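**Q** Chains B and G, in that order, give the protein sequences.
Quick note: the first sequence uses my numbering, first residue 1, plus one each step.
Quick note: the second sequence uses my numbering, first residue 1001, plus one each step.
Keep in mind that the hints were calculated from the coordinates and are not lab data.
Since the structure is predicted, the reported quantities are computational estimates derived from the model, not experimental observations.
Careful: at least some of the hints might be erroneous.
Claimed, not checked - Just so you have them, the derived chain G footprint on chain B, three or more residues with Cβ under 8 Å:
(1) 24–37
(2) 70–80
As the list claims (entries may be wrong) - With the C-beta cut set under 10 Å, the calculated list includes, among others, these residues of chain G facing chain B:
(3) G1028
(4) L1351
(5) L1354
(6) M1359
(7) N1363
(8) P1384
As the list claims (entries may be wrong) - In silico negatives: residues of chain G with every beta carbon more than 12 Å from chain B:
(9) F1019
(10) K1029
(11) I1050
(12) S1073
(13) D1263
(14) D1300
(15) I1328
(16) N1352
(17) D1355
(18) T1362
(19) T1369
(20) G1385
(21) E1398
Even glycine gets a Cβ: it sits at the ideal position worked out from N, Cα and C.
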Amino acid sequence: MDKKIEEIEEEIVDEFSFFESWQDKYEYIIELGKKLKGYPEDKQTGEYKVKGCQSSVWLVTDEADGRITFKADSDSTIVKGLIALLIRVLNNRTPDEILNAKLDFIGKTGLQQHLAQTRANGLAAMIKQMKMYALAYKAKQQI
Amino acid sequence: MQDILTKKIFDVDEVRKDFPILSREVDGKPLVYFDNAATSQKPQSVINAISDYYSNYNANIHRGVYSISIKASEAYENAKIKVKEFINASSEREIIFTRGTTEAINLITYSYGLENVNEGDEIIISEMEHHANIVPWQVLCEKKKAALKVIPVNDSGELLIDEYKKLLSDKTKIVAIGHISNSLGTINPVKEIIRLAKEKSKDIAVVVDGAQAIHHTKVDVKDIGADFYVFSSHKMYGPMGIGVLYGRSELLEAMPPYQTGGDMISTVSFKGTTYNDIPMKFEAGTPNVEGAVGLTAAIDYINCIGFEAIHKQETELLEYATAQLNEINGLRIIGTAKKKTGVISFVVEGLNALDIGIMLDTNGVAVRTGQHCTEPLMDRFGVPGTVRASFAFYNTKEEIDIFVDALKKAIEILK
Ligand SMILES: Cc1ncc(COP(=O)(O)O)c(C=O)c1O
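Let the hints inform the model, and build the full structure from the sequences given.
**A** Written out as structure tokens, the structure reads:
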């Protein structure tokens, strides 16, 4: 993975700036959501569920060579699209990179403002969960 | 104010001008407000009444000897008389102001409930209750080792009255039932429900949760025979933060206070305290005078529009929207009772309610998604949640067209 987290975030902000209306932005998110595949079906269980969502979100992780990969799913296509963005930024990163990621793109795209007021989408819960995994891997590495 | 009070013929375009928020835009599109079951919008007359109160006679009530306090006290007492007339209670002594429906039900459970429900007794509610009319009874039952019995609903979302008859027993102490369901719109036969309870025993107290009924239909507490009837001002075009507990005076007089402090006392000494008469006994502390003033204006407004016009407009909207939604492939309306108000809950096969809600919002259409504080009911219908559109008399067929178009577009995008 050559691009830095900030670079990918910048790309996303650019992509969103093309769209004038929220409807178009959400259409794009829905498209991303539909493309997000590969979540193991047998792991759609309570154990992997992210708490605090009006929709159901599942998240699993893997680790190789000190880098973490994420797979996620949701019954909401929009939430899936949001996860796809997070995964694009945070996938294949070291625990430190994930823990230090500021994720400014959420504010810069306007998504923050549009989504933060409602607990329904669980974006914050998802980010927290991803960082928790990173923290757990980091702790393991240090043993 | 004056032009509102003299309005005679219902004209929705004119009526909309009374509600300033209805002319605002969302993301460049006109706001289509279809979340009226959650809270209603406020007419200018209500907003003005509150502003006038703070501009001209704000003072604490019941203790001032000066003119603005006397005026504020009068406004507060006048609000009780307004409410009394609005629901046809016997006396304004039977009207207690609370924070809303939720607090009113809690007051009943903590005061009447703790006093009258004992181990082995039973409380009957229904499967379609709002959490506000479930959880307080559950807590009471736990405290008192009493049992909660639940009237089931049929596939249309109507109460099974035969099942209710079977649940009524010598152990029944309280029946607590919603007048109109916030998730389905079902109008429940509360008069019959109360009659059946009273036939079983005069001592069964019947509590009616009128949060969704008070602004849709003329409520006459004496005619239906309710012991307690509760509702929130904010759903009836009035301000938030105030609601009403109506209770038959005989019951209220026998009940212990719920909260204690100032205003609810008669005399206080360190040897002991005697309580004020009803309704003051149940209103500890400085009350919500602003709310009472706003609620008075809201009742004036409703009276001026008239329930006949309200009912006619809301029924037309319901029928128009139902017909259009039924045309949409894969859409299922949850709640198809013969008697219902302007609430349409629905699911679309394969799609998530939240996604639909967000996409509707991008077209300026405000609906509710999720469980609507009725999780057991959602379980009953086997759905995780629904999209709910709920109408008020100030909504129009044009708005329903915008909603249906936006919905079709959302489905296309999400499919
Ligand atoms: C049927 C019903 N009961 C109770 C409530 C609770 O009302 P409040 O939140 O105003 O106390 C509501 C409001 O959502 C309702 O619809």
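**Q** Could you run down the list of hints and mark each one as holding or not?
**A** Hints, verified against the model:
| no. | hint | result |
| --- | --- | --- |
| 1 | 24–37 | holds (count 3) |
| 2 | 70–80 | holds (count 5) |
| 3 | G1028 | holds (8 Å) |
| 4 | L1351 | holds (8 Å) |
| 5 | L1354 | holds (5 Å) |
| 6 | M1359 | holds (6 Å) |
| 7 | N1363 | holds (7 Å) |
| 8 | P1384 | holds (7 Å) |
| 9 | F1019 | holds (23 Å) |
| 10 | K1029 | violated (9 Å) |
| 11 | I1050 | holds (25 Å) |
| 12 | S1073 | holds (39 Å) |
| 13 | D1263 | holds (37 Å) |
| 14 | D1300 | holds (34 Å) |
| 15 | I1328 | holds (18 Å) |
| 16 | N1352 | violated (4 Å) |
| 17 | D1355 | violated (5 Å) |
| 18 | T1362 | violated (4 Å) |
| 19 | T1369 | violated (7 Å) |
| 20 | G1385 | violated (7 Å) |
| 21 | E1398 | holds (20 Å) |
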